[in-house]
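Undergrad: What follows is each chain in one-letter form.
2 protein chains.
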Amino acid sequence: MPADPIALLGEHPRQEDDVLERIVTIVGRHAIPKGERHIGDDAAVLAPFVGEALVSTDVAVLGVHLDASLFPLEDLGFKAVASAVSDLAAMGARARAAVIAVCAPAGTDLEELHRGIADAAAMTNCPIVGGDLANAQDVSVAVTVLGECPGRGAVLRSGAKAGDIVLVTGPLGRSSAGLRRRRAGAALDDELVVAHRRPWPRLAEGVAARNAGVHAMMDLSDGLGLDLHRMCDASDVGFELDDVPVAKGATSEEAISGGEDYELLMVTDDPDRLRLIFLDRGLRAPLSIGTIVHDPLRRTLRGEVFERRGFQHLL
Amino acid sequence: MPADPIALLGEHPRQEDDVLERIVTIVGRHAIPKGERHIGDDAAVLAPFVGEALVSTDVAVLGVHLDASLFPLEDLGFKAVASAVSDLAAMGARARAAVIAVCAPAGTDLEELHRGIADAAAMTNCPIVGGDLANAQDVSVAVTVLGECPGRGAVLRSGAKAGDIVLVTGPLGRSSAGLRRRRAGAALDDELVVAHRRPWPRLAEGVAARNAGVHAMMDLSDGLGLDLHRMCDASDVGFELDDVPVAKGATSEEAISGGEDYELLMVTDDPDRLRLIFLDRGLRAPLSIGTIVHDPLRRTLRGEVFERRGFQHLL
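Protein chains in written order, with our numbering: chain A, 1 to 315; chain B, 1 to 315.
Hints are computed from structural coordinates only; laboratory data are not their basis.
Don't take each hint at face value.
Derived Cβ-Cβ restraints for the label pairs, each shown as a range [to be verified]:
no.	chain 1	residue 1	chain 2	residue 2	range
1	A	29	B	150	27 to 33 Å
2	A	63	B	285	50 to 56 Å
3	B	285	A	47	50 to 56 Å
4	B	122	A	269	39 to 45 Å
5	B	31	A	30	33 to 39 Å
Listed below are several chain B residues computed to face chain A (Cβ distance under 7 Å; list not exhaustive) [to be verified]:
no.	residue
6	42
7	49
8	54
9	55
10	57
11	58
12	64
13	87
14	137
15	138
16	142
17	150
18	157
19	159
Positions of the beta carbon are idealized from the N, C-alpha and C atoms, including for glycine.
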């Protein structure tokens, strides 16, 4: 959609096309499967999906989702893509493709931003097949990901049942701890800072959990203290947590209300089978943290009320 | 992706969820097909696509793509969705679903914005199946649309051949003329102003053109003066235009370099068949405007050089 349909560029009629061309060389390095058409037409053309099609969108804004004084611009692109792909992992889906809409003021290093986007796309095997660019005051990256669920269908949040065991794919709080450490002066390559800058969507874990038949699943993007409540709201159940596994270097508070860990939260009536399937695929065994109960109002950690807490935007 | 993973909302922990709930009642009025899951999970779940899957993304920024002093905020939402859906029309696809990522400062009337989004989604039969919201200085709407191409595959820009006839689905310049009239004080319900505020994606025309076997197609979003060049660049051909059909009330310049008309540009070696198929489906007969030629450097209108002109962002 053009900004002003009667504006003319006069002597520089190909300016946007030139920028696009440089960006395409950064994000378009993947092999294009036969019969597909990615960047360069009105829409990208993808070979038929197998089974259900999954779609999710996520937007990241510089200065809101990333502090530009602490982190390089490429981290905004990386985190935006990783966060969106994590939503596919949360359904047990396989990533098929992503498209990106970037807003930025003139003078923004769009190549650096797109290097971060391309790195996350390569890491998650989720090719960037299209995009859009616009002028704005903010730098923002909106990422939409497409995935497929062959065989057994996508895992929703709403399937948790009383008696199910609640598990997570790993200890929590690493991302928040990394942000705290960076604020205190830690280097960009500090292990926890990297956990914050380069989140890893648990795609393999999500597929394994779907194949194991978990009843409900989601990713921990806003923190266990919000996301577990959301799952139990969707399933109309409560929970009794025994424990929250705290990652090395993180605080208990960071493990509960810190977001962006992107570990998966799963509930199942057969946790032994889930563990076996994970181990069989070379994945770390998931950690049991509690039990689902009938009463949607009962939500406890070691017998105490477990409050809803974590990040939400003020709109 | 949370803005600050360790921020806590304290007394207002459900603020974002509340806003989302109000928005969902606006954009989620469509019937949800059996087996699908739309807003409310990590990702939307769609029933299997038939044939190729198409995806395109488009972002619109208030103050860049829409002048807030001339138009209501809902127009930004409407135009963002219509513009994205038009990219599906341009491939000959059927619209299946859209997701939206909205950025806005606190205090923005998000309900008005989403009413425009919902209107365009209803008009194009393209349900909103998911979204994201973030705080930012700008108001922006990133729309990603998904479509399918059963049977004969999607129509690309790159198939134009020497000797093909160039056609458009209607006279051009209405949107630019409407913007000019609004700037001069015309009412919001003036016919041309409405053409600017409420663009109509040519979905039925796109499917008809695909079924008729057109060689190349795209939508006129940035104006014939840019888009025809882009198609001929992709096809490595030139063109000789006889005429540019000017819409009633528009100027010749608006017809050539005005964008946002979203008429389709098509080339075919069988224009009679194309016209018959359009008429048979109750669609307006397309208008012939010229011929494709071998020499990619030959690009003329009535024998004069036809310059590249239209809107591009300065990045």
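Undergrad: Tell me, which hint numbers fail for this structure?
TA: Result: hints 3, 17 and 19 break, sorted rising.
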